[in-house]
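Visitor: Each chain is listed here by its residues.
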Amino acid sequence: MISEERSAATGLRPAGDRGKRLPTPLRRALLGAALLLYTLLFAEGFIRVFDPQPLMPRYITGTAWGVRGNIPNADYWHHTSEVDVRYRINGQGLRADHDYPQRKPPGTCRIGIFGDSFLFGLEVDIRDSFADRLEKRLKSQGFAVEDLNFSVGGFGTAEMLQTYEQFGRNFDLDVVIFSWDTSDLEDNVRANLYRLKSGNLERANGEYLPAVGVQDKLMQYRLYRFIADHSELYTFVRDRISLFLKMRIKSERKQSLSIADAGEAEGGPPSPDNDIDELQHRNKIDLSAAILTHADEVVTSSGADFYVIDIPARLSRTEFASPLGVLPDTVRSRLKIISPLSALSKAARPDLKLYYEKGQGHFTPIGVGILVDEAVKSIVSSPRLASCAEIAHRAAAAHESIGHAILSASAPGFPRVP
Amino acid sequence: MLFNSGIFALFLTVFLPLYFFSRRHVTARNLLLIASSYVFYGWWDPRFLILVAISTSVDYLAALGAAGKEVRAIDQLKSAAFLVLVTLASLGCATSKDWWLAAPVAIGMAFAALAIIAIRRSAERVRRKYWLLLSLCTNLGILAFFKYFNFFVGSATALLEALGVHAQAPSLAIILPVGLSFYTFQAISRTIDSYQRRYEPQYSIINYAAFHAFFPQLVAGPIERAGHLMPQFETVRPFDRQLFTTGALLFAWGLYQKIVIADNVSPLANAVFNAPANQTAGATLAAVLAFAVQIYCDFCGYSNMARGLARCLGFDLMINFNQPYFARSPSEFWQRWHISLSRWLRDYLYITLGGNRGGQLKMYRNLMITMLLGGLWHGASWTFVAWGAFHGAIQVVYRALRMDSLLERSRFLTLRGFAIQTSSWFITMCLVCIGWILFRSRTFDQAVTVLGNLFATSGYSADQFATLFAYSAPLAAVEIYQRASGRLEVLTAGPFLVRYTAAVALMLTLVAFSAPGGQEFIYFDF
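Here the protein sequences line up with chains D and C, keeping their order.
Per my numbering: the first sequence ends with 565, consecutive numbering throughout.
Per my numbering: the second sequence ends with 532, consecutive numbering throughout.
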């Protein structure tokens, strides 16, 4: 028990002072509820003051093709200290303000963009998103194009491929763009949609829907949506749990690799940590390279042109690192790669933000502009797109001649065309 | 196993229910504590459990003998059985390559058996002294081999080289066992206390082994005295909600000191001390101050966690830090910093050497020797010895100038007193920080470079101190409040809502601001 002397030193109350009046169960419950409410409100205030969180709720659900997708018809906002952005998702789960018919309009080429949050356009308005600006740039250069943005935040290459194969290819795409960034190495392993067996890519799981079931259930409640949209405490907790789970999955994979490695060594000592990291890293690269190669085969076999756009990681305002370097030379030489690395480095200045710094670090409109410039340089040479350019030129020429005719027709002495 | 790791959280979730289930039965509880403590320690490297067991087995018998009690055959059997059991268990957990360790253990046991036979045959009046000697030789022998072998051999070789004698020195790849200096000193103190009749050892090896390996304080102290902690292992410990709550809060506060403050300011210190050349004066000053904050929060944080955890289990551990950065003189600093070690050095070294007796010069000599060895205790390096010597020297100067009595006479509330106390505090902090440069530097060259950088006049900017200020300001505010209120545990007093809010804020801070990646405690290396 606590002595009088110690209680004076530490401030602990002696045992005799305690438990004089026990609250009734109802009072206890009310007190508990009030305390809980107070705790949550205090914690919300504390986080807002000392560790402000960007409010970036995820409107993600499961799709019929077994991977995550944007919630159709969702309309939501992201608020960070740098931007306030509204997102509108169409009825097909694409970031657009209208639905697309599966058959493309005659004379139009379609570009399908499959990426993660960078190509989805997180932290930028739809007018500044990669898809929208690419479409406008190509149109301004005489191409009759329509960009369809199939990107979903958090996607890895495996999910992009599955979305293309089971959904995107129905839209009669002429050009397909996949994004490639550093997180894809880990994402492709974690998704476990594909695996390598004796060097060959094979399907593993049919679906990858992490926490989607829980999210779908929660999103049915208005209160949850309100909290997800407005609570920085919720965002803080969600991000910490997500980080913890990712680390745990990573460490479990490391463990399993270590066991497998020890098994292969026929009872020898397990590899040291560095070797396991190295082995794990090599496996990740091999898997991602195989998925990209397979995506190239699938897309080109359906008659579309395939491009991979490299999303450099931001090291500082003026330094960037490309994740392309990790891919084997054979894969890099095979793929048509769009890399904005050197353009970003050239444009970088200490007083210029090419990436946002307070939210989740996506491109600013200036950064997107550089990405679009580099993409246009490569895509204009696409054979499939060239046909749309011809059609567009012919259409433009026809339009021009009709215009002339109309002008001539409207000239004095001729009857006015109704 | 680190207190700030996920595996420790898992360990606690298994341990705590078992502990509270067994806590009313002293033997069952102590057996659980032994097993848990050995798992806790062995998680790092099971082979070194053998050293803990050797120290336990020898000191169990030595304390009995040193106290003049009969060391019966059954006690020797219990001691040997304990060592054999732990050796087999630890080698069972290690790889098959490590079974050779059984041989030195067996040889050691044979030597111990011979030593015990010799002691039993010796005259009654010297027998107690021999038991004490056995404890000292065993503990200091382990310490000397594992901690200082390469240091002494390297230093001797360097000395011979300087004298022009070429010597080929053997260098062994010795791993320093975690917490070795702490548990050996604790074991020695119990035997010395038994010898000096300040403590009466009991015959239960289970109780003693639980005390010796008590996991909250096994690897980094506090270095407890048997008279204070051992009786707690012989009784059922109290448990109530308030003890548990205040213990948990103390643990959380220690965790905050470690993972929020120490780990976040450490990069500032590391950046400069790892490459001191071409650093600006501002960056160097920020690094030195950052290290002062880091080492305090790292070690005081661990001590608070240990005390908090022990309190949750119903045990009371001594206070190891009492606001050392409020000290106004070096001797006051040592009365507030790592109190358990300071008292150990005072009681078993300084006083044994003669203490204040025998005139001024002898007192200064004793002080210097104590501080030199105190420095060496911290690590096998000449920079630690120099750090100890520096602290010894400034204490000698302070004593020669009778600064402590001047401080005692001056009253804080008068203008003169305020000026004296404030300037004394400032000077002491400057001296302590200069000491930390020696402590943190790996070589004397590095220390000289850092000191040289400090005396440059340019290169200051507010940014260099921003991170340090952000993390240390809340700590300073809490410590000032603690000092003003005279209470070391602020979260245990005041209105419920204030305490509750502070506790919630502490938890949120732990989650929001903890440094990425669990870093080891600095004092684990000592």
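There could be a bad hint or two in this list.
To be verified - Sample of chain D residues facing chain C (criterion: CB under 10 Å; computed from the structure): (1) Phe189; (2) Ala190; (3) Phe193; (4) Arg387; (5) Ser389.
These are computed hints drawn from the structure, not numbers from a lab.
Computed from a predicted model, the values in this text were never measured in an experiment.
Yeah, the Cβ is synthetic: ideal placement off N, Cα and C, and Gly gets one too.
Visitor: Hint by hint, say whether it matches the structure.
Guide: Now for the hints, and whether the structure bears them out:
The beta carbon of D:Phe189 comes within 6 Å of a beta carbon in chain C, closer than 10 Å, and the hint placing it at the interface holds. About 6 Å separates the beta-carbon of D:Ala190 from the nearest beta-carbon of chain C, less than 10 Å, and the hint is met. For D:Phe193, the suggested interface contact is upheld, since its CB lies about 5 Å from the closest CB of chain C, less than 10 Å. Given the 10 Å rule on beta carbons, the hint for D:Arg387 holds: about 6 Å separates it from the nearest Cβ of chain C.
Contact between D:Ser389 and chain C, as hinted, is not supported at the beta carbon level, the nearest pair being about 14 Å apart and thus beyond 10 Å.
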